[in-house]
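Using the sequences and the hints given, assemble the complete structure.
One-letter residues, chain by chain:
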Amino acid sequence: MSVFTIEAGLALLGLALLLLEALKPEISRRTLGLTAIAGTTLALVLFIFAPHDSASQPAFIQPWHQLDSLAIFYKGFALVITILVLWLTLECAPYLTRFTVDGKLAEMFSLPLIVCAGMMWMASARDLVTVFVALELVTVSFYVLVAFARKSAFSLEAGVKYLILGALSTGVLVYGIAWIYGATGTMSFDGIAKALANPATSKTTALFGAAVLLCGLGFKVAAAPFHMWVPDVYQGAPTPVTAFLSVGSKAAGFVVLTRALDAFLVEGSIIGSEIQALLLVVGSLTALLGSLPAMFQTSVKRLLAYSSISHAGYLLLALACRESARFDLSSGGIVAFYLATYLPMTVLGFLGLGLMRANGLGEDIKDFTGLAKRNPLLALLMTLSFASLAGLPLTAGFLGKLFVFLGLADHGYWGALSCAVIAAAAGFYYYFKTILAMYTTEGTDVPALTFSVPAKAVAGALALAILILGVYPKPLQSVLTGKSQAHKVDSK
Amino acid sequence: MITLGHYLVVSGMLFSLGLAGVIARRNIIIVYMCLEMMLSAANLALVGFSRFHLVNGLPDYTAQSLVFFTITVAAAEVAVGLAIIVALFRSKQSVDVESVTKLQG
Amino acid sequence: MPPLLFYLFALITLGFGFLVVTGRNPVTCALALAASFVGLAALFLSLDAYFIGVIQILVYAGAVMVLFLFIIMLLDIKSEEGKKLNLPAIVSGVLLAVLLTLQIIAVVGSTELAQKTSQDTPLSLTEAATKIGKAAALPTISNDLKAGTLPDAKLIGFTLFDQYGFHLQVIGLLLLVGTIGVVVLSKRERSAP
Amino acid sequence: MLTSIILLLPFFSALLILLGHRQLKGAAVLISVGSSIISFIACLVLLAAADDKDNTKLLLPFLDIGDFHANIDVLIDKQSRGMMFIVSFIGLLVHIFSLGYMKDDDARPRFFGSLSLFMFSMTGIVLAGNLIMMFIFWELVGLSSYLLIGHWYQKASAAEACKKAFLTNRIGDFGFMIGILLLFGLNKGDVSFDNLRDAFVQGGPLFDAQKSNPGIITAAALCIFMGAVGKSAQFPLHVWLPDAMEGPTPVSALIHAATMVAAGVYMLVRVSFLIEASPLAAEIIAGIGCFTAVLAALMATQQNDIKRVLAYSTLSQLGYMVMAVGAVAMHVQHGHELHGPNPGHPAMFHLYTHAFFKALLFLGSGAIIYACHHEQDIWKMGGLRKHMPVTFWTFLIGTLALMGLPWITSGFWSKEGILGAAYDSGCSILFHAGTLTAVLTSFYMMRLVIVAFFGKPRTESAHHASEVPLIMLLPLVLLAVFSIFSAWDGFATPLQALKPAHEPPHTTVLFASIAAFLIGTGGAIYLYRGKDKDPVSIKLFANKFYFDEIYAVIVRICQDRLAWIVTALERVLVDGLVARLPTAIVARLGAATRMLQGGHLQGYTFLLGGGVIAVIYLVVFVLPRLGH
Amino acid sequence: MSVLEIIIALPLLAALAIWLGAPARAASLGATSINLILVLYTAVQYWGKTGLAFTYSRPILENPSLSFAVGADGISIILALLTTLVMLAAIWQIHDRPAIFYVSSLLIGGGALGAFLTTDIFFIYAFHELALIPTFLMIALHGRAEPAYRKAVAWKATIYLGVGSLVLLAGLVWLVLEFSGGSKLTFDLEALRSQAKLNPLPDSKQAQIFFVLLLGFGSLVSLFPFHSWAAPAYATAPTPVAMLHSGVLKKFGLYGLIRIALPLLPHGVHVEWVQNALLLMLLGNILVMGLVTIHAKRLDDTLANSSVMHMGYIFLGIAAGTDIALKGAVILMFAHGISIALLFGLLGRMRNQLGTLEYNKLGGLANHAPAFTVLFAFGTFASIGLPGLTNFAGEVLIFLGNFTEFKAGGLTHLQWTVILALWGVVMSAVYMLRAYRSIFHGSPATGLFMIDPALSQRVPFIMLAATLLVTGCCPWLLLNLMKSAL
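Chains as they are written, first to last, in the working numbering: chain A, 1 to 492; chain B, 493 to 597; chain C, 598 to 790; chain D, 791 to 1418; chain E, 1419 to 1904.
Keep in mind the hints are simulated off the structure, nothing from the lab. There could be a bad hint or two in this list.
Okay, derived cross-link-like pairs now, PhoX-like style, lysine-lysine, Cα gap no bigger than 20 Å in a straight line [said to hold, decoys possible]: (1) LYS847(D) - LYS868(D); (2) LYS1779(E) - LYS945(D); (3) LYS1170(D) - LYS1321(D); (4) LYS373(A) - LYS456(A); (5) LYS584(B) - LYS675(C); (6) LYS1176(D) - LYS1321(D); (7) LYS1602(E) - LYS474(A); (8) LYS584(B) - LYS784(C); (9) LYS584(B) - LYS151(A); (10) LYS104(A) - LYS784(C); (11) LYS1715(E) - LYS1779(E); (12) LYS1569(E) - LYS366(A); (13) LYS151(A) - LYS594(B); (14) LYS784(C) - LYS151(A); (15) LYS1467(E) - LYS1901(E); (16) LYS713(C) - LYS203(A); (17) LYS1246(D) - LYS1170(D); (18) LYS1001(D) - LYS1825(E); (19) LYS24(A) - LYS784(C); (20) LYS728(C) - LYS751(C); (21) LYS1825(E) - LYS978(D); (22) LYS1615(E) - LYS1602(E).
Here you go:
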């Protein structure tokens, strides 16, 4: 079974679920949710065992679909995050249904499948048309998902903000595509790379197009100054959707960004140095603008939003560091690695939030007070998640940061490195603030928290992933190394 | 003589006009209209480039395909967007951008 | 296209666009937008993109604008502005628009690409008939080309279904998602009093 | 083996007692006294031992890094053997005396433990074969002195006194350490006395340094001397010794009269080669010694506390010895040599005789205090001659020895030696001041004896005083014997005292000493016979030249005020600049960036549009010009 | 498998076990006792040897080359010994406290052990950071002050340590990049060392990297002027944390300088501007902090500030960079760790029993608690630098080590600094004796009641005091573990 079949199947499964709910409205959300999870898990299993070479794909998709290492990694990534989000939705369902008009969640189980398919296609895209189409599929689905709990004023507000700003960024993106196309005469990444390596190409036009295009993509990955939607939308959206946005959508954005930058920064590119400088500036700014305001947040969910901005900054900085002979990971590899470490820690954080909401608690830091007493295991796991987000060693988060720092230092980008360091230092403050709340016991005499065995299992697995990635990243690295090598060959 | 530059400038002005509207207007529906204007401006640029980038002596139809997709996507976005705006109006009795300022800080 | 017509349509496009941005009444704005899109469609035609021009009128000026008008009517939105103008927003909006325009003009001015005219880059339809590979196999296209007419819709159709068949499906899916979204988002509360 | 016993026995005794005295109870005293007896015997054996060729021996390892060694090596020569005898003999007598004196003290085990610790440390100083070992034990005697002065720590004055003693010594040690470091550097890391001496004599690195930069040798000598200034309570660090009298009297006898305070002199004699190498240092040393001698003697004339009189007298005598060190060095610098292979040194000789009679005087005063129920004011005594005859006679012998009763007492000979050295030094001030000190010494000692022992008892406690028990008398008698005879060859030779070789005494010196004795004694008898209160009152002397007050001001300004100012600066400047300012900046930035997130869509769209324009501006219009 | 891995793992496993429900005291005491025995075993095995021993490496990444590599030489073993001793004492003296006290002590100690016994820069760094969260939480939650104040203190310390370790990370990354040359990146200390021997960097570059490392490591060790976190943190921290952090964890920065910075950048410290900067900073530690300590009016302030001050001497040893001085620095690290842990342990007890630590409210405690007084005296005199207790050996070696290169012509900056630093020895006697006098001497203040601890609770303190005495009288015991020249 080819990878493409799996992707298409996933989208079809989403449609089928929609149809099922429409025809049999009495079907329980549990069944729907479990079916979706089972389907995605099956897809993941099939995907793992499917042949991973382009040749095995149907011929008609070859012009726009590629199956290099990066694509494979992100496809797997998308499947995993989708499963987690579906499961989180199921876990959060009791309180989510309070905010939907009919008390149902059917689309919350089917739309993620379609989104997942869209993200998988984005990962494989070879040209800007495919990127645009897949990206819009994902974005439009997210418009719906963010505003899904529309009885909540927050969710609706988030929906409106995401809609307006998202549409604005789509406009910018298309405008950028237009200019890139104008400058290079092609929409495919390979063609763009080839054209940019040609000195005859008009530099100003190319620069303009690339800049506008990157602005459009920057919105998707929450790069400063296009990040301002993130805190509001993340805070307002239902928690599973927030997790999906902050991990899935961001990863998809980064895979496209990686592809675009691979083209823009190709060997001998006429716009290479400018774009690289832009990345450094924007990355540093993003890391700072994510970290600094986060220090004053009182809502953990909003804090995680800012944290995700800050992490986007590191990822952008990683993208700015091109290959180094002394380093087995390409910048795309580092980004992939970082995202792989980012997944468990962020999802674990949102999982904790969701579980607390499910227990009737709020999302403020003060709601975390005394968590260690009420549920030591959850507190321990959340501590691990926040420690990893802060980048404490022996957790996954540290390695990601270390690679970024190594890359920056290796290229001598000291200014960017110091911004990253300042941002990380500020990060200590707000992550530790939350950790402190969990262990504070004064003035709280609240009953113990309980959560289900599967929840424990998933959270435990994520925590384990954080630790394993933190101390034994070799398997992941070797996967990425092999793949980014293949990717290099592919893109040439 | 009308050059590609003319089209591009018109497209750019339309794009800027849309942007100005998006920033300046308070009625979300009008904001949304301005967004459609921006998309159309991008389309104009695309079509312009495609006309002047001949492939086999013909306009480049890949770009025009993208324009086609953009228009379609815009339509879908409008549908979803207006639905959200309707939902907003239902809950706030207003489509003013200032009615959504609860999330901040 | 004669320069005069170009300027006319450009003026229509931009003028009505300006009306969209400044109009007090939403209905005015919507109608102005439709008019602007008509001007735009004319510009598309002048660029030999007949199909796109038609689509622009059909989909945008037609369907989309009707939708807008419909919603405006449905929600019965008054021209509620008038008294309170957000002056800083207007100033900054204008400022940004001017800056962006100047930047674009500067970029356009600095690139040779922008100097191309339709005379420099004429369509060579008859030669094209032999070069277009697979599409040449379709007699309607090659015949039209040989006859010296541009089979615009046919060529786009061919490109869409040959190169972008999959994308078309995805767009379909996207429209479906949009539909579902509309249903989900505008469902009325059943237990509403 | 012998030296290990002498050194380590008191160590283990001290350790055992100090850490376990509550379990040991009475046994503690026995352990301590027993160890001092064994040490004394071992020292006697050591006296008899023959000289070795290589007299520095490794006893215990301490620090050993590559070529650098700073171990516990003992240097056994005439000087250390003689000194060892003094230390162990007086130590033993003090132990015995304390058995009686401290009978009623609950904290007796602690006292004896500290005493053992002192014996250990002092032994270490005496046997030290290198400067670092000497420094180690130098500090340790400081500790034991601290513990013993603070024996009655409940008393605020005792608690303050022990602190003062330790801190003042620390200041001296500050210099001592610098001196050691300089010598260590100059002599390529070797600070054993033997090698240092060789490095001078046989043209080693020190010799070269002396040639190339004599200043550094002077600096080293003066720094080393600073250690002696602290330990031997020379001006300006003399203030701790009178206060140290807060300790039990046997301690004053042993530590603050006979042995520890003399360690400074002992050490100076050990490094005499260094002082001899620097004329300036020798002059300064002699000057300070001489100044201290006169100053302390003046202060002693107006003291009323029996122990304080003795304390100032000790100061004065130590000044004498230090002056002798300097004077001898000056003498040598003029091209003279001391006679003999292991020549006697007047300072060491005076140290030797002084140890006996000053210990005797202190123990005698202890007996008086004990008898008078811890009354120390001499004006509240009187007539004790009849109540305590043995004490009186022994005390008198000690006094005469200190005054230098011509020909009979040991003190006469040793003092005459010092005056002789001063005379020879070529600096007449030294000689004149020395003579003046001798006059004053006779005066205040005679005053003490007359006021305390003659006349009528002036208080009840003096009236009821009775002779002390035998166990306290025995040491007095033994010491009295030594006070008279220790200068005789029959004693001095086997005890290996560093008696200067017999030179025909200068007649001037001889006359001067005798005259000093007579004038001082006569003056005191004339002034004080039959008086009930002091007929002379010189505030300046009674208040010790206001040194304590001046120092208190200095400490308050230089230390407490400075500390206050520095603390304030540290809080405001350092913490402010390093911690608060950056934090405030970051916090402000955070707050400012948060303002961007105002929640208004129009603001967000503006930022987004502005961002696009800024990026375009940067990428298209700025960066290409920067030539990136 | 190396015995060192067991030593590192034991406390961490014990902490996990306690968190999951194992009896706290038994588990932690068991683990630390076994650890002490294991460390002593390694010390005996290593006796008189040189070079790295007990090495074992588990590769984790190939490029950049990263491995979980353990190995110990004399310095590591001495510091591991310090860690286990202080850990045992700190845990033993915990009395009637929640399990988090045990867990955090184990984590801090385990982190320190990991840092001292691994030979891969990545893990050396990582293990140190492990202690950050427990320290933070313990000060913020269980500190001995008003909640608002202790939280502020915890924040200050954490931000300082966090920022310091980030600067350090930057320095380490720079180091790794410079020494990896054109080949692949490696974090292995031994590999970097051999690189440094083969291709030493130019002096100016060494100086720059060394300075960054100095700032990074220095702020972890409260090097002036990056010290202002330390005193309030130690004064406020719960007893076991104060013992472990000031006694053990703080030594990490110094260990890093001796272990990483000096061997890789041997000329870095001798370049004039670096040396002068370091000398100024350490004089700040000694003289400024000495005066600040003199000004202190409470015992906790005195001890906390003094612990900052004494770091200056160790830096002095590092500044000299000679074999003797560095060995002295290591010994002083050990000595200071033991003595300050002893003092903080006793201070905790005083605070519990008396409720106040202000000098003008205390007095005469020696009358009631003689054994306590003796134990405290050990700490006091050790920190004064009295011979016979370990600190002296360290200090004197540091001073001597600065004078091995001596020109008769005059003193170098380094040597002038030593002379100024010697004045600090006087100052430390001033404040420690003042404290001792105010607390123990004099007549008992009214309303104060304090008794000697029961014998079983004396054990941890006796253990520390005995260590001071034994290694103080026989510092060659420690020197014999450091046969190889530094």
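Hints and how they fare:
no.	hint	result
1	LYS847(D) - LYS868(D)	holds (15 Å)
2	LYS1779(E) - LYS945(D)	holds (17 Å)
3	LYS1170(D) - LYS1321(D)	holds (12 Å)
4	LYS373(A) - LYS456(A)	holds (17 Å)
5	LYS584(B) - LYS675(C)	holds (15 Å)
6	LYS1176(D) - LYS1321(D)	holds (18 Å)
7	LYS1602(E) - LYS474(A)	holds (16 Å)
8	LYS584(B) - LYS784(C)	holds (16 Å)
9	LYS584(B) - LYS151(A)	holds (11 Å)
10	LYS104(A) - LYS784(C)	holds (12 Å)
11	LYS1715(E) - LYS1779(E)	holds (10 Å)
12	LYS1569(E) - LYS366(A)	holds (15 Å)
13	LYS151(A) - LYS594(B)	holds (15 Å)
14	LYS784(C) - LYS151(A)	holds (11 Å)
15	LYS1467(E) - LYS1901(E)	holds (7 Å)
16	LYS713(C) - LYS203(A)	holds (17 Å)
17	LYS1246(D) - LYS1170(D)	holds (10 Å)
18	LYS1001(D) - LYS1825(E)	holds (13 Å)
19	LYS24(A) - LYS784(C)	holds (18 Å)
20	LYS728(C) - LYS751(C)	holds (16 Å)
21	LYS1825(E) - LYS978(D)	holds (10 Å)
22	LYS1615(E) - LYS1602(E)	holds (17 Å)
Comparing the model with each earlier hint shows no violations; every hint is respected.
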